[in-house]
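Chemist: Just so you know, the sequences run in chain order A and B.
If you read the first sequence in my numbering, its first letter stands for residue 1, the second for the next number, and so on.
If you read the second sequence in my numbering, its first letter stands for residue 1001, the second for the next number, and so on.
Certain hints may be false.
[What the hints assert, rightly or not] Simulated DEER-style distance windows between Cβ atoms:
| no. | chain 1 | residue 1 | chain 2 | residue 2 | range |
| --- | --- | --- | --- | --- | --- |
| 1 | A | Ile329 | B | Glu1201 | 20 to 28 Å |
| 2 | A | Ala48 | B | Arg1088 | 50 to 58 Å |
| 3 | B | Ala1227 | A | Lys382 | 52 to 60 Å |
[To be verified] Under the rule of at most 25 Å between Cα atoms (straight-line distance), these lysine-lysine pairs were calculated in the BS3-like manner:
| no. | chain 1 | residue 1 | chain 2 | residue 2 |
| --- | --- | --- | --- | --- |
| 4 | A | Lys393 | A | Lys136 |
| 5 | A | Lys402 | B | Lys1098 |
| 6 | A | Lys389 | B | Lys1098 |
[Stated by the list, open to error] Covered stretches of chain A (in silico footprint by chain B; criterion: 3 or more residues with CB under 8 Å from a CB of chain B, positions within the stretch not fixed):
| no. | stretch |
| --- | --- |
| 7 | 158-168 |
| 8 | 349-360 |
Everything labelled a hint here was simulated from the structure, so no lab data went into it.
For every residue, glycine included, the Cβ atom is placed at its ideal position computed from N, Cα and C.
Chain residues, written in single-letter form:
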Amino acid sequence: MRVSDIEEKARRAREKKALFGTDVDLQSYESEAKPQNIVEKAEELPGAVKKAALDVGVKLDAESSGAYVQMDQTPVVAKSLYEGVEIMDIASALKQYDYLQDYWWKLVAPDADKYTADVATSPPAGYFIRAKKGMKTVFPVKSCLYLGSTNLNQRVHNVIIAEEGSELHVITGCTTPAHVQRGLHIGVSEFFIQKNARVSFTMVHSWGREVEVRPRTGITIAEGGSLSNNYILLRPVKTIQTFPTATLAGRGAVASFNTVVYSTMGNIDIGSNVFLDAPETSAESISRVVSVGGEVIARGRMTGRVPGARAHLECVGLLLSEKGRIYSIPELDGQSRDLDMSHEAAVGRISEEELEYLMARGLTSEEATSVIVRGFLDVEIKGLPEDLKQEIKNITQREDLKGS
Amino acid sequence: MWLLEIVDLSASIGNKQVLKNFNLKIGSGETHALFGPNGTGKTTLLNVIAGIPRYKVDGGRIVFKGKDITNMSMDERARLGIGMAFQRPPAIRGLRLKDLIRIINPKADVLAILNRMDFAAFAERDVNRGFSGGEVKRSEMVQLLAQQPDFVMLDEPDSGVDLENIKLIGDAINSLTQKDKRPSSRTKSGIIITHFGHILEYMKADRAHVMLGGSIVCSGNPGEILAQIKRSGYEGCAGCVCQT
Chain A
1 MRVSDIEEKA RRAREKKALF GTDVDLQSYE SEAKPQNIVE KAEELPGAVK
51 KAALDVGVKL DAESSGAYVQ MDQTPVVAKS LYEGVEIMDI ASALKQYDYL
101 QDYWWKLVAP DADKYTADVA TSPPAGYFIR AKKGMKTVFP VKSCLYLGST
151 NLNQRVHNVI IAEEGSELHV ITGCTTPAHV QRGLHIGVSE FFIQKNARVS
201 FTMVHSWGRE VEVRPRTGIT IAEGGSLSNN YILLRPVKTI QTFPTATLAG
251 RGAVASFNTV VYSTMGNIDI GSNVFLDAPE TSAESISRVV SVGGEVIARG
301 RMTGRVPGAR AHLECVGLLL SEKGRIYSIP ELDGQSRDLD MSHEAAVGRI
351 SEEELEYLMA RGLTSEEATS VIVRGFLDVE IKGLPEDLKQ EIKNITQRED
401 LKGS
Chain B
1001 MWLLEIVDLS ASIGNKQVLK NFNLKIGSGE THALFGPNGT GKTTLLNVIA
1051 GIPRYKVDGG RIVFKGKDIT NMSMDERARL GIGMAFQRPP AIRGLRLKDL
1101 IRIINPKADV LAILNRMDFA AFAERDVNRG FSGGEVKRSE MVQLLAQQPD
1151 FVMLDEPDSG VDLENIKLIG DAINSLTQKD KRPSSRTKSG IIITHFGHIL
1201 EYMKADRAHV MLGGSIVCSG NPGEILAQIK RSGYEGCAGC VCQT
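Hey, can you work out the whole structure from these sequences and the hints?
Modeler: So, in structure tokens, the structure goes:
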């Protein structure tokens, strides 16, 4: 698709409301961002940014395969530290590589809704990460998308290509500092996982009470490829709506989605949408939601379109307050014979029996509740490097995640 | 001085009265066994002593270490020194057994405790999740070894346990009740519910009671009482005049 065609399509969708989530008034946000200072390496970033990144699990000082940091609309760092991985800001990458046109807006439609349209009609900012053919990384690529100005509409468009036989781990932390009262983050992401490539993508969100978030993610996985997608949201947010869509396009492709949400307020509409389009593909989606307030809609949709595809959905919610709501919507759509698709959904409170059991060991009611809540949020994620696993554990096991 | 003293205790669950004017005294360093048919109130007694809120005390009192604990919360009782092995404990998702041991007792030697119950392979497993009947019992013992209560309550610690492990459980109970020490230097006490008395071949009990219809009808030497039950059933105990 030519640039002019993309923009033309997007312009026509400018008023198009999204299928899910509350409607955001784009006009109420600033679309122009003040440029930020570019630095040579992540260590030179302002302390506040490094600290904010750390809070969302992105240790910029620790060992990594490279880093990308975007402050508002400026890519301030885009640096690879390992020859197997290329990291650039997407605007430069588009200029340098003509072939990227074959990937640009291929998995997310520019006219999907007003948010994608808004990104498509704005100058591109975001990361381009390419894991080179056959190259395997152990240390994750670390990225941080930092929304540092009040009232800004931060637009991001990312592309990840994991070439044949490569292995890539990415952790992205998206965050706002405490002084940002209000903001909007729209993130378009397109992931291409090629033959026999393995990718883990971990995203940790930490926003403000008046921040609205609309990620738009499309993923395609070729023969023998695999994706482990992990999403963690534990801090207050005004509204968020995301429904990443993955297509298992090649034989034996595998996708696993893990979602961990601790809701205190706002409107959180999250989920995953997987199409199993090739033989021997399998997908799993596990979500754990704890609500002490706010509304959470946990969606999961699996569509099996070829014989032999296997899919499993698990949405489990702990509702700990009268003020909260957890609406779990697992959907299975079988469109072929010989499918193996299942789901498990449960929403409930903490069992009295479990509380009493721990109290009989000397824990107070509050301690017992938080032990149970943290246990509930501790999703076992396979296929991640050990330090990334530990990082996720540290985040989901914070002492302040309690039952009230 | 009695470690535990239960005086005229009546308790109910829902609208059903289970314990009726129940009396029992357990001294420091003593281990008591409790026999009785199903539904006679043995588990209720332990749950009421532990303070599980579903059970309502309608009268009488429970005194532990000289303190009236009748209205004390479960966790306060636990911190005062009461520990219990549950008959059917719940599984707790996401809570690893080794982490629970550390929570129960931050100073505990986790590995030593697990090894003692031949249970190290379960350190990383979620507490009781997918455990077999016998594994659940070992998990309970591991937790009690970490907790080191002054008064331990064991609700059928031998049910579902294979022969190989029943000795381990008996040893652990002996250790929790300080049967490895001279009688005069024992301070820890216990009460154990057992249906068939099998575990008593592997642990030492000082005294036994038979419960029928919510109160104790017979007390005495554990071996003699067990022989009596085997000979003429619990009905034979009803006519027994020995009292606590």
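Chemist: If you count the residues of the stretch 158-168 of chain A with a beta-carbon closer than 8 Å to a beta-carbon of chain B, do you get 3 or more?
Modeler: violated (count 0)
Chemist: Hint says 52 to 60 Å; check whether the CB-CB distance for Ala1227(B) and Lys382(A) agrees.
Modeler: holds (56 Å)
Chemist: Is the straight-line distance between the alpha-carbon of Lys402(A) and that of Lys1098(B) 25 Å or less?
Modeler: Holds, at roughly 21 Å.
Chemist: Check the following: the C-beta atoms of Ala48(A) and Arg1088(B) are separated by a distance inside 50 to 58 Å.
Modeler: holds (52 Å)
Chemist: Has the hinted range 20 to 28 Å been met by the Cβ atoms of Ile329(A) and Glu1201(B)?
Modeler: At roughly 56 Å between Cβ atoms, Glu1201(B) and Ile329(A) fall outside 20 to 28 Å, so the hint is violated.
Chemist: The stretch 349-360 of chain A covered by chain B? Criterion: 3 or more residues, Cβ-Cβ distance below 8 Å.
Modeler: holds (count 9)
Chemist: Does Lys136(A) lie within 25 Å of Lys393(A) when you go C-alpha to C-alpha?
Modeler: Holds, because 24 Å separates the two Cα atoms, which is no more than 25 Å.
Chemist: For Lys389(A) and Lys1098(B), compute the direct alpha-carbon distance and say whether it is at most 25 Å.
Modeler: Satisfied, since the Cα-Cα distance of roughly 18 Å is no more than 25 Å.
Of the hints listed earlier, those the structure fails to meet are numbers 1, 7, in rising order.
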